[in-house]
Amino acid sequence: MRNLSRFVPALYILFLLLPIYWLVNMSFKTTNEILGDFTLWPREFTLENYITIFTDPTWYMGYVNSLAYVSINTVLSVAVALPAAYAFSRYRFLGDKHLFFWLLTNRMAPAAVFALPFFQLYSAVGLFDTYWAVALAHTLFNIPLAVWILEGFMSGVPKELDETAYVDGYSFPRFFIKIFIPTIAAGIGVAAFFCFMFSWVELLLAKTLTAVDAKPIAATMTRTASTSGYDLGLLAAAGTLTIIPGAIVIYFVRNYIARGFALGRV
Amino acid sequence: MNKIENQKAWFFVLPVLALVAFNAIIPLMTVVNYSVQETFGDNTFFWAGVMWFEQVLTSERFHASLGRQMIFTFSILAIEIPLGVLIALTMPRKGPWVPVCLVLMALPLLIPWNVVGAMWNIFALPDIGLLGRTLNAIGFDYNFTRQPGDAWFTMILMDVWHWTSLVVLLAYAGLVSIPDAYYQAAKIDGAKPLAIFRYIQLPKMKRVLTIAILLRFMDSFMIYTEPFVLTGGGPGNSTTLLSIDLVKIALGQFDLGPAAAMSLIYFLIILAMSWVFYTVMMRNEAN
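Chain order of the listed sequences is A and B. If you use full-length UniProt numbering, the first sequence corresponds to residues 1 to 266, in order. If you use full-length UniProt numbering, the second sequence corresponds to residues 1 to 287, in order.
With the rest of the complex left out, here is chain A:
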């Protein structure tokens, strides 16, 4: 019984890795091999698809664009969420509970509902097709998430910490930056990770708000699939490359992921 139960996680991980293996496998094949033979391993191993991506600006700029708006969004979301989360975790004020739920409702808003009005709004303010448009649009769901996660982590810090600091003569800004922020560093890391994650994986808004200059890599992929035939090897290589940034950041927060998903409250 005990040995049998070991198989469950192993089988599950195998199931998770199969589609990824197929994608990576395909990215090293030539188009002829993909369409012609059915091979479990590339027979004519080629790096052609990766070379195309790293030498063609319409491809590699997609990655630069995605990383640019994701970074702006992450910094912005965490920076404004910090004081707000502090307020929610330490003080009672008029309408605090309603405000907290209202913030969460924005996490529930389907991107499909906001696609058209966002297009009109960001065109009207002249930000269409810039990094800022996508970064700001993604704050809609990332700020509420960051506030929730940070509030959870901050509520775990005893209030005596604040009081002791004031007794020691710290002013509020000095206390916040010198003592409080280092104390909840793990929480900030987790919040940043989640902002990164949800901005990185979202496509509908990113695609709607960009045309040429700020086009994300994910949108470049859909364009290639529809216009220049169906170059599966290239598509697979581009897809494989989008997995790498995620894999890197997961490694850093592996022990905190679950706590983040539980909004800092496990």
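No lab work stands behind these hints: they were computed from the structure. These numbers were taken from a predicted model, which means no experiment stands behind them. Treat the hints with caution; some may be incorrect.
Unchecked claim - Straight-line alpha carbon distances no greater than 25 Å define the calculated BS3-like cross-link-like pairs of lysine-lysine that follow: (1) Lys206(B) to Lys207(A); (2) Lys206(B) to Lys192(B); (3) Lys94(B) to Lys97(A); (4) Lys3(B) to Lys159(A); (5) Lys178(A) to Lys3(B); (6) Lys187(B) to Lys94(B); (7) Lys248(B) to Lys94(B); (8) Lys178(A) to Lys97(A); (9) Lys8(B) to Lys97(A); (10) Lys187(B) to Lys206(B); (11) Lys97(A) to Lys206(B); (12) Lys8(B) to Lys159(A); (13) Lys248(B) to Lys178(A); (14) Lys94(B) to Lys192(B); (15) Lys204(B) to Lys192(B); (16) Lys159(A) to Lys178(A).
Said to hold, decoys possible - Derived contacts from chain A toward chain B, CB cut-off under 7 Å, selection only: (17) Val8; (18) Pro19; (19) Trp22; (20) Ala87; (21) Tyr91; (22) Arg92; (23) Pro110; (24) Phe118; (25) Ala218; (26) Ile243.
Where a beta carbon is used, it is the ideal one built from N, C-alpha and C, also for glycine.
Using the hints provided, position chain B relative to the given structure of chain A.
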């Protein structure tokens, strides 16, 4: 924690309020505006009252996609929640395999949604995909681009692949927070594994599982990119979920009035359901 009453805390919240209001209230008002007006495409608008709402609420197309959405959401919840709990229960609690398991399991969560769709597309294609080819080789007549049943099977399997790890991670976090003493006490009492699960593990996981259900409900109800890239809503309309239908109406046909009315109804459904989960969660927290 006892909180101090302090109205100045509003100043801390102001930046968040300003940004989210810019992003939420202005677009939402645009939607409300369109939902009560009629236009003939020349930028002149007429008051239309609740016409679009009546049209959407009585249209068979909306009922059909709402129905498909409900079936999809409840199917994936019914699979992912028990499966996630089972995997979390069988995962090692200590040792070198724990971080390996966690990182590998979290991997699907960080893949861009259209890549998930594209990956499953080439994985399931009957001629060149590993899954499609295997299923056909062992005797199934499987083709997700032609047969609605196969399209549904693939779509649900893709979502299980994509999101079960979220449930696993949450349930696992709940499980590791149980002190060893609880298990030792259960052992002395001679409790069976089922009793340990029912009276020790399940109560400890209640909170995180509520969050898991809330998140999975919201996100699966809003799902757009993955099924769109996988099946394009087809074959026919068989996998056209609410978001796919909405984008077709709003950005494809540019029918602003019906699209806006549908958006508001859609949003309200999610809001109402999530409010129920949220209230349950907060009540648990108070206890």
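Structure-based check of all given hints:
About 38 Å separates the Cα atoms of Lys206(B) and Lys207(A), which puts this hinted pair outside 25 Å; it is violated. Distance restraint check for Lys206(B) and Lys192(B): the Cα-Cα separation of roughly 20 Å lies within the 25 Å cut-off, and the hinted pair is therefore satisfied. As the CA atoms of Lys94(B) and Lys97(A) are separated by approximately 39 Å, the hinted pair breaks the 25 Å bound. Restraint check for Lys3(B) and Lys159(A): the C-alpha separation of about 9 Å stays at or below 25 Å, so the hint holds.
Between Lys178(A) and Lys3(B), the direct Cα distance comes to roughly 23 Å. Compliance with the 25 Å bound is thereby established for this hinted pair. The hinted pair formed by Lys187(B) and Lys94(B) meets the criterion: a straight-line CA distance of about 20 Å does not exceed 25 Å. Distance check on the hinted pair: Lys248(B) and Lys94(B) sit about 49 Å apart at the alpha-carbon level, beyond 25 Å; violated. The straight-line distance between the Cα atoms of Lys178(A) and Lys97(A) is roughly 29 Å, outside the 25 Å bound, and the hint therefore fails.
Restraint check: the Cα-Cα separation between Lys8(B) and Lys97(A) comes to about 16 Å, which is no more than 25 Å; the hinted pair holds. With a CA separation close to 22 Å, the supplied pair Lys187(B) and Lys206(B) stays within the 25 Å bound. With a C-alpha separation of about 23 Å, the suggested pair Lys97(A) and Lys206(B) falls inside the 25 Å cut-off, and the hint holds. Restraint check for Lys8(B) and Lys159(A): satisfied, since their Cα atoms lie roughly 18 Å apart, inside the 25 Å limit.
The straight-line distance between the Cα atoms of Lys248(B) and Lys178(A) is roughly 51 Å, outside the 25 Å bound, and the hint therefore fails. For the hint pairing Lys94(B) with Lys192(B), the CA-to-CA distance comes to about 22 Å; that is within 25 Å, so the pair holds. Straight-line distance between C-alpha atoms of Lys204(B) and Lys192(B) comes to about 17 Å, which keeps the hinted pair within the 25 Å bound. Taking the CA atoms of Lys159(A) and Lys178(A), the gap is near 16 Å; set against the 25 Å cutoff, the hint holds.
Given hint, Val8(A) at the interface with chain B, holds; its Cβ is 4 Å from that chain's nearest Cβ, closer than 7 Å. Checking Pro19(A) against chain B: minimum C-beta separation of about 4 Å stays under 7 Å; hint holds. At about 5 Å, the closest approach between the beta carbon of Trp22(A) and any beta carbon in chain B falls short of 7 Å, and the interface hint on this residue holds. Evaluation of the Ala87(A) hint against chain B yields a held restraint, the C-beta minimum of about 4 Å falling below 7 Å.
A distance limit of 7 Å between C-beta atoms decides the matter here; for Tyr91(A) the minimum to chain B is near 4 Å, and the interface restraint holds. Among the interface hints, the one on Arg92(A) holds; its C-beta lies about 4 Å from the nearest C-beta in chain B, closer than the 7 Å criterion. Interface hint status for Pro110(A): upheld, as the beta-carbon distance to the closest one in chain B is roughly 4 Å, under 7 Å. Hint status for Phe118(A): holds, given a least beta-carbon distance of 6 Å to chain B, under 7 Å.
A distance limit of 7 Å between C-beta atoms decides the matter here; for Ala218(A) the minimum to chain B is near 5 Å, and the interface restraint holds. Hint status for Ile243(A) relative to chain B: holds, with the closest Cβ pair at about 5 Å, below 7 Å.
Hint check: violations occur at hints 1, 3, 7, 8 and 13; the rest are consistent with the structure.
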